[in-house]
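Colleague: Using the sequences provided together with the hints, build the complete structure.
Next come the chains, spelled out residue by residue.
There are 2 protein chains.
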Amino acid sequence: MTQLLKARQGIITQEMRQVAKEEGCDVETLRQRLAEGKVALPCNHRRRAKKVCGIGLGLKTKVNANIGTSVDYPSEGEELKKLKAAEGAGADAVMDLSTGGNLREVRHRIMEEAGITVGSVPIYEAAVKANQRGRSLKAMTARDMLDAVRQHCQDGVDFITVHCGATYGVLKLLKESPRVCGVVSRGGVFLVEWMSAHKKENPLYEQFDEVLSIAREYDVTLSLGDAMRPGALADAFDRVQVYELNVLAELCQRAWEKGVQVIVEGPGHVPMHQIAAQVKLQKELCKGAPFYVLGPLVTDVAPGYDHITSAIGGAIAASAGADFLCYVTPTEHLALPTVQDVWDGVMAARIAAHAADISKGIPSAWQWDKEMSMKRRKRDWEGQFATCIDENRARSVRASRPSTDNVCSMCGEYCAFKVVDTEGGDGKNPDIKAPNQGAGRRV
Amino acid sequence: MTQLLKARQGIITQEMRQVAKEEGCDVETLRQRLAEGKVALPCNHRRRAKKVCGIGLGLKTKVNANIGTSVDYPSEGEELKKLKAAEGAGADAVMDLSTGGNLREVRHRIMEEAGITVGSVPIYEAAVKANQRGRSLKAMTARDMLDAVRQHCQDGVDFITVHCGATYGVLKLLKESPRVCGVVSRGGVFLVEWMSAHKKENPLYEQFDEVLSIAREYDVTLSLGDAMRPGALADAFDRVQVYELNVLAELCQRAWEKGVQVIVEGPGHVPMHQIAAQVKLQKELCKGAPFYVLGPLVTDVAPGYDHITSAIGGAIAASAGADFLCYVTPTEHLALPTVQDVWDGVMAARIAAHAADISKGIPSAWQWDKEMSMKRRKRDWEGQFATCIDENRARSVRASRPSTDNVCSMCGEYCAFKVVDTEGGDGKNPDIKAPNQGAGRRV
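Chains S and P, in that order, give the protein sequences. With this note's numbering, the residue at position 213 of the first sequence is 1023, and numbering never jumps. With this note's numbering, the residue at position 211 of the second sequence is 1021, and numbering never jumps.
These are calculated hints, taken from the structure and not from any lab test. Any given hint could be a false lead.
Copies of the same chain look alike in the list, so a pair counts if it works inside one copy or between any two.
[What the hints assert, rightly or not] In silico lysine-lysine, DSSO-like type, Cα no more than 30 Å apart, as pairs:
no. : residue 1 : residue 2
1   : LYS1180   : LYS985
2   : LYS985    : LYS1185
3   : LYS1009   : LYS1228
4   : LYS939    : LYS1228
5   : LYS1010   : LYS1228
6   : LYS948    : LYS1185
7   : LYS985    : LYS1009
8   : LYS891    : LYS1228
Just so we're clear, the structure is a prediction, and the values are computed from it rather than from any experiment.
Modeller: Okay, here's the thing in structure tokens:
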């Protein structure tokens, strides 16, 4: 039985307990939201991650890091280092998006080493195999696609991206569309090319019941891919994107009917003023299914800084209700990330997630900031370091340009906190122990 | 006559023309908004920057970089390098916040070398001098403060921060307040300590008419400092902050009556869900005066990454109507920034400003992104580099992990754009020349 089916039957599982404890939330509320499909706990029967990741309403916003080999850089060893970097930086999940080298071998090693939730995209393997057989991507068969789905589930992956919503109807609309960047999802483009060549419906849509039955067998969470996600600001919120989202809403319903956990993937490149509406639309159409966004990037012009463009978009999306942020690294659009890029990408996404959690009213998020500020006020440097989102980074910045006298080298002896302490005026202020009841909106 | 007085008399100045041309906006509309105080063009009679920076309604969001020596790092040479880095990265203004070494000498050198708008904070010099005379900050006299204001204006600074709103009334409220971080503005804390010791009103408030008459003489734009800006999320939007903002609204009115240009400074540390309301409040109370925000930082817990925390806050603030973003560097709260930190800080703030400009509906901002995406779709790498916000950064990332075959090493031969081009399916799509009418909200 899946976590969803157990939740519906009123069963509290060990995984639900673990997540409730980690989040500091009520386990019965969690169970109820799981039963309604508003929360997902991806955890394949065949693989128990040390740490289960709860995604959805009332929970902290989670962060995923994409790793994986490419044809140009097929080193398994480097990807395992990225896994460790992602975990070290505090990612809640990693997705293995490998397309270079022995894909199954890489996936196995990542699952062996990972203490966190692992996702994958089976169609990459189907397409790469078809291509490696010396033919083109279009030589991929419907059976190849379904076999890849089964293989990944059997191998123990906790959640898989399946582009089941990229239907023939979507394709028709796409052909008429004046998009600037067309399709930028790799899985999406494989299916679009396949449908165009074979003049057939997307097998992952046509045989969605089989996908569901496999997912249910292993309790793999389906991450419904948005093959039509905008890859340029100019393409955001167009008819193609919204048509596919409508199909994904249908698929959520069908997944829940079969007791399969589901989350919905979202954009992509989106101008700031559209982000909240995009989230609201997904939440309404998909009846509260967890929303997993890639970025979104709020501008197209900043390659080299796309961890920042997506931290802006991710914070706004999460604060509007998105539940799961896929990080974007500084090398997006330019190169496969290095280990350091993975670290920086996870940190930027975690900052976005945390800032949004404050605005979502997650009490522990607010408390974290307050603790930091109390230590800052006291110039308690060790206390501040221990409270930082990245202790080592903070220590090394401070150590690189030290100051004297328990201040930092920016203000030196004119540090506002030091001035208050040494000059000792009446307005020196703040009883820092006094209660402060400010808080974000309640969940 | 100040730019404001000329605008009121219907005179179109050379500076107005330059800004209108740079912004691609109508010069008569600009003149009108300047006359209403909704736009400021800081440009001291005594110093003509090569490039005038227009700040306010309907204009692109501008970025300021704080530079300047500290007691621990008083190197004039390094600060001049930071000036060049800030200009190279595209800052619209720099503020000299020096507190170490020979302050006047540093200021002069910065103004000589800068091709952009320069601001400063005269009270720093007054306080540092009082301190250097071997006594305490409190030994500063009212005359010292006014003399510093006059000196900076005579020296040719385009805009100055004056904490005229930190009144005795504000101090009284502050003393009763349960703030976590009290006062974090350096200028603010100098005045708070001074008022507490002398039991007297803030001379910059009491003698505001003299401040105005000096500012008017040189057409120096007053940047009304928010001495009470929240330095912790828990302190945001408290009575102290709002009381001071109300005083600043009064001072805007008085400045306009005397024909003095004015902008208003804002926070600081603010949770995401409060930012838009903070901007709306300032715009209403201060009758549309340009709003200049420091960040805001959307979380307290990320020292080492505060360029990112403030890019999130700055983008939201600007998209809600803030006009001028003061950058924050990665070393904020930890150390005086290096030249590289200045570069990174300006880039992060520019990304925030640009993302907001798209959402504000600035047509050139939208066009920039569309051009980039059209080049991306064509895999026109040279075209992309030339369109990037940071061409060198993008080039070096790509060069560090190159790929073959005109793709990037992330997706390699499975690049969505390449798949479409080589597999050539019907859905290969997108007439990229087709018009796309999507756009941000109109100004």
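Colleague: When the structure is checked against the list of hints, which entries are broken? Sort them ascending.
Modeller: none
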